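Undergrad: Those sequence lines, one after another, are chains D and W.
Each residue of the first sequence is one higher than the one before, starting from 1 at the first, in the UniProt record's numbering.
Each residue of the second sequence is one higher than the one before, starting from 1 at the first, in the UniProt record's numbering.
To be clear, the hints were calculated from the coordinates, so they are not data collected in a lab.
Any given hint might turn out to be false.
Calculated cross-link-like contacts (lysine-lysine; reagent style DSSO-like; alpha-carbon spacing at most 30 Å) [as the list claims (entries may be wrong)]:
{"hint": "1", "chain 1": "W", "residue 1": "K22", "chain 2": "D", "residue 2": "K117"}
{"hint": "2", "chain 1": "D", "residue 1": "K210", "chain 2": "W", "residue 2": "K22"}
{"hint": "3", "chain 1": "D", "residue 1": "K210", "chain 2": "D", "residue 2": "K117"}
For clarity, every value in this text was computed on a predicted model and none was experimentally measured.
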Amino acid sequence: MTTSDDLTVRASSDALLKAAAPPRKRNLAQFIRWALLFAGGILMVMPLAYMISTSMKWPWEVYEIGLIPNEPTLENYTYVLEDGRFFSWFINSLIIAAITTVSSLFFDSLVGYTLCKFRFRGRYIIFIAILSTLMIPTEMLVIPWYMMSQSLGWLDTYWGIMFPGLMTAFGVFLMKQFFETVPDDFLEAARIDGLNEFQIWWQVAMPMVKPALAALAIFIFLGNWTAFLWPLIVTTSPDLYTLPVGLSSFGDEADVAWELIMTGAAISTLPTLIFFLIFQRFIIRGVVMAGLKG
Amino acid sequence: MASTSPQDAAPGRQVGLTIAQKRTFWAWGFLAVPVLFYVVIRFYPTGNAMVLSFQEWNLLGDRTWAGIDNYRVLFSDPVFWQVFRNTFVYLLLGTPISLVIAFVIAYHLDQVRFMHGTIRALYFVPFMTSAVAMAWVWRWFYQDVPIGLFNNALATVGIAQIDFLDSTTNALPSILAPAIWAGLGFQIIIFMAGLRAIPRTFYEAAKIDGVSTWTVLWEITLPLLRPTIVFVVVLSSIGFLRIFDHVFNMTTQNPGGPLNSTKPLVLMIYQTAFDSFDMGYAAAQTVVLFVILLIVSLIQLRLLRDR
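Next up, chain D with everything else stripped away, as it sits in the complex (with noise of 0.2 Å):
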């Protein structure tokens, strides 16, 4: 359902990208500026073009600077896919984010509805509440839910990684703002169709704010696939390890095999590097929209 608000939100965003820039100078100091600009961007990427080449080098070419291989090989990937634990962290990397993305924007865009959306005694106090706890910090939690996971034999398992992310009190907020932009008009008339309150916001709210949920999907999904404290206190046998804690159980090791290392790091990179190449104007209006709200 393409609504005119879905419009708004999108030019809203897309504009704030793409207002016209100062009228343009063909000349000597704009051409120094991109070029510049453009080594500088280059630099930023250099250690991840580095990453990747190594990782395609043979164990006795590791340590020459030259960023092309002489001979590119994929025999690291096959080598250390098939050692079992970097895929089997892979996997729970996976199942982790993508549970807890989607549990966070179930939740968080059913509390920003009823917040944004229903009139009743305690909503100012329970919105305030939910807020405020994005004043603690993970680390002040960390010990309580260690104890609490300690008495609930939630130790090691999936669930005592995931419980903490089931919900995100930034996601609230953002989407909260968001369903300010849904008309009550569109609410209302669904109601009198004969929808009940689940239905109006699953059928006719969601829909309308699409472009907040693929932000917020983002967000939550690079947090989960990136977060360490937790997972690394949380877990202890390395079948459960996540990637992160996983890649970095290797510093114990006194003998590292930079190649390797090096593929571990890619494999718990590129997914999320080609996720952006595909999706590069999508999350940038994301990080844009979510920046701006928050």
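With chain D held as given, fit chain W onto it using these hints.
TA: Just chain W now, kept in the frame of chain D:
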């Protein structure tokens, strides 16, 4: 569904609930699970951490009251003050450096049309990476000859190798660099959005008046960009105050670097709680972190109000 049709729900007439009552009922139905979640997973643990900070506990025995002992020990611990100093060095170096670089790049990128999207993507890409993976990449760069990229490059031009991670003076900046690098893309995008939100009429007026580029920058762009600057400063400050992933993963054999020279507060918390199992002492440290973050956030609110 029939029961929710307008006729049935006519206010006051029916045995059932009024529309308003029904909607309130729905609202609380929607909120039941989330409210439970926030109480059990956010508020209760917060209170628990605060209570624990006045207790002594090693995960096995009983929790015993210790009064303000944990705080007294903490404030008289030279390691804490070292860590406190490190944490603020991360903050006071990281925030201004990343802010200036991000603004300069955003300001110029804003005026470039050719390959604009591609260049923007190049700067943004590091933001999409995981800190742990990047810690390994940079750790490799920093290794001694013949392993590390930087020292190999220095060797080819005949410069003596630099001890990046095992030196008390170099280690902290060496860890800060990738942390700044990883966050730049995000700040650039936010700055660019802020720049585009400034009404063009201001610039046109300045142009008619024949004002110089520098004056436009100082008198128009920067003042109007103030909310964006405050937002970026606060977000990046909170990030640097909570730095952990980069530090932990770049100094694994000796977490916190030589003589604790790179150890930030969060790493100290992690070690106290999960290496030494001194839970009460660790909780006291988290309360200190909480207070620091709270003060930073309050300063932000103050700055925004003065706008």
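Undergrad: Work down the list of hints and note, for each, if the structure agrees.
TA: Here's how the hints hold up against the structure:
{"no.": "1", "hint": "K22/W x K117/D", "in the structure": "holds (14 Å)"}
{"no.": "2", "hint": "K210/D x K22/W", "in the structure": "holds (28 Å)"}
{"no.": "3", "hint": "K210/D x K117/D", "in the structure": "holds (17 Å)"}
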